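J.: Residues per chain, in single letters:
Number of protein chains: 2
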Amino acid sequence: MTYCVAMNLADGLVLVSDSRTNAGVDHIASFRKLYTFGMPGERVIMLQTAGNLATSQAVINLLRLRLHGETQNLLNVPSLFEAARLVGETLREVTAYDAAAAASSGIDMSCSFLLTGQIRGEPTGLFNIYPQGNFIAATTDTPYFQVGESKYGKPIIDRALRYDSELEQALRCALISFDSTIRSNLSVGMPLDVLVYRRDTLVLPQGYRVAENDPYFEEIREQWSNGLRSLLAGLSVAPDFYLD
Amino acid sequence: MTYCVAMNLADGLVLVSDSRTNAGVDHIASFRKLYTFGMPGERVIMLQTAGNLATSQAVINLLRLRLHGETQNLLNVPSLFEAARLVGETLREVTAYDAAAAASSGIDMSCSFLLTGQIRGEPTGLFNIYPQGNFIAATTDTPYFQVGESKYGKPIIDRALRYDSELEQALRCALISFDSTIRSNLSVGMPLDVLVYRRDTLVLPQGYRVAENDPYFEEIREQWSNGLRSLLAGLSVAPDFYLD
Chain A
1 MTYCVAMNLA DGLVLVSDSR TNAGVDHIAS FRKLYTFGMP GERVIMLQTA
51 GNLATSQAVI NLLRLRLHGE TQNLLNVPSL FEAARLVGET LREVTAYDAA
101 AAASSGIDMS CSFLLTGQIR GEPTGLFNIY PQGNFIAATT DTPYFQVGES
151 KYGKPIIDRA LRYDSELEQA LRCALISFDS TIRSNLSVGM PLDVLVYRRD
201 TLVLPQGYRV AENDPYFEEI REQWSNGLRS LLAGLSVAPD FYLD
Chain B
1 MTYCVAMNLA DGLVLVSDSR TNAGVDHIAS FRKLYTFGMP GERVIMLQTA
51 GNLATSQAVI NLLRLRLHGE TQNLLNVPSL FEAARLVGET LREVTAYDAA
101 AAASSGIDMS CSFLLTGQIR GEPTGLFNIY PQGNFIAATT DTPYFQVGES
151 KYGKPIIDRA LRYDSELEQA LRCALISFDS TIRSNLSVGM PLDVLVYRRD
201 TLVLPQGYRV AENDPYFEEI REQWSNGLRS LLAGLSVAPD FYLD
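Protein chains in written order, with our numbering: chain A, 1 to 244; chain B, 1 to 244.
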């Protein structure tokens with residue numbers, strides 16, 4: 001399993017992905033699940049994935065192989081909508097290629113993608129591409145999407161994130177969402193890949209990898225944990241009739 | 001869907017269940033999902049259920065019908081372990097009775113139970129009874145179980161609950177766990193059934209039903225929501241290299 005979150009906000013994009021791919025007893029491994037495509041000054045496109053790693057890697061490889069051909073690819077599509085369509089079509093191609101093997105083995109080979117980015121002349125965008133290859137776009141009302149093991153970390157984002165949240169505050173919210181998920185679910189694990197894109201810069205950010213024992217992440221995890229406990233302890237005491 | 005939590009603590013038991021049974025568009029309904037059995041001064045047994053309502057109601061009805069017979073029943077089994085076995089066996093009986101219809105329709109008719117209580121001479125106990133009829137018992141290390149839509153509300157319990165937590169504080173923690181779940185998932189809804197049992201009293205508590213707009217629940221929801229936002233806002237600011 002995995003957990004990825006992407007936020008499309010007034011000031012830009014915030015992406016965080018974990019890198020745990022399989023939490024079975026013998027096969028815990030780390031793979032980067034955040035992929036970037038770009039032409040400085042013209043476009044940035046980022047993909048995060050959750051689900052079957054063979055499928056998602058095949059999709060990414062095909063997308064990359066085709067970057068330098070004549071046909072439609074992630075570096076020449078005129079809009080993010082068409083970029084999302086292209087990823088969806090490539091996912092359908094891989095799924096069809098593997099369909100017989102998937103059916104006979106009973107293995108779930110499906111995967112999902114979050115596509116984010118900006119193409120010059122367009123606002124930033126965020127798309128959630130389903131295993132079926134169709135997709136939805138984020139809106140100002142729902143400015144974020146999650147894929148993978150999303151439930152543990154959803155409440156804090158639902159409470160705290162707004163379209164006009166500052167990027168740095170949104171990043172903190174995303175990191176806390178990961179903290180909650182990692183504490184409650186073994187299949188999501190460090191390191192985390194963080195990427196913050198400021199609107200209209202049109203340059204791929206460097207990104208940051210949050211490793212185990214990262215001092216800042218440790219610091220806010222502890223602040224959060226202590227803060228939650230005192231917050232809970234400070235809530236009004238339940239009336240007696242609740243306990244009778 | 002539904003969400004139920006039960007905690008077996010040093011001072012007694014804390015139970016909270018929602019009452020939403022089906023969040024499909026046309027069939028949102030409320031049913032009590034907390035059932036009690038007892039003989040004052042001798043035993044109290046509580047059951048919470050999640051999953052198929054027809055199955056869980058059939059199990060409860062059979063358990064009730066058999067209360068006054070000669071055979072083993074919830075009012076004469078000598079231990080909570082045997083009570084959990086009896087519930088598991090009755091669940092297997094109902095599942096077998098419905099198996100052909102379930103298989104041909106493809107409908108998931110499974111359900112789970114949380115069994116809590118105390119029988120004189122024994123400590124309090126908590127069992128998680130799986131759809132297969134087998135079960136596990138809570139321990140001092142893991143003093144709580146959830147059934148149903150459990151992920152949204154798990155992080156706060158993992159952080160805040162300990163075996164020696166006071167009942168009133170544990171109840172607050174459970175209520176906040178429900179608040180997180182209700183905010184993030186439509187299929188879990190009010191009213192909530194709350195039941196707090198103090199160890200060794202051996203009398204069924206009256207319980208309390210938390211209705212929509214319950215003043216205390218509204219109060220702590222708001223305290224929690226505001227507190228979380230200021231906690232998040234007060235975390236250390238992310239270093240610049242996180243955002244580059």
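No lab work stands behind these hints, which were simulated from the structure alone.
Quick caveat: nothing in here was measured; it's all calculated off a predicted structure.
Using N, Cα and C, we set each Cβ at its ideal position, and we do this for glycine too.
Any given hint could turn out to be false.
Claimed, not checked - What the simulated footprint calls covered on chain A by chain B, stretch by stretch (three residues with Cβ under 8 Å from a Cβ of chain B suffice, anywhere in the stretch; the number is not a length):
#1 40–47
#2 85–96
#3 118–126
#4 142–148
#5 216–224
Unchecked claim - Distance windows between CB atoms, simulated:
#6 A/G106 to B/T139: 48 to 56 Å
#7 B/G106 to A/T201: 23 to 31 Å
#8 B/A101 to A/E168: 51 to 59 Å
J.: Hint by hint, say whether it matches the structure.
T.: Here's how the hints hold up against the structure:
1. Residues of the segment 40–47 of chain A lying with their CB closer than 8 Å to a CB of chain B number 0, which falls below the three-residue condition for coverage.
2. Closer than 8 Å: that is the beta-carbon criterion, and the segment 85–96 of chain A has 0 residues meeting it against chain B, so the requirement of 3 is violated.
3. Check result for the segment 118–126 of chain A against chain B: violated, 0 residues qualifying (beta carbon to beta carbon below 8 Å, three or more required).
4. Against chain B, the segment 142–148 of chain A contributes 0 residues with a C-beta closer than 8 Å to a partner C-beta. That does not satisfy the three-residue criterion, and the hint is violated.
5. With 5 residues bearing a CB less than 8 Å from a CB of chain B, the segment 216–224 of chain A meets the requirement of three and the coverage assertion stands.
6. Our hint of 48 to 56 Å for A/G106 and B/T139 is violated, since their Cβ atoms are close to 35 Å apart.
7. Separation of B/G106 from A/T201 is about 51 Å and departs from the stated range, judged on CB atoms against 23 to 31 Å.
8. In this structure the supplied range 51 to 59 Å holds for B/A101 paired with A/E168, their Cβ-Cβ distance being about 56 Å.
Violation of the numbered hints given earlier is confined to hints 1, 2, 3, 4, 6 and 7; the remaining hints are satisfied by the structure.
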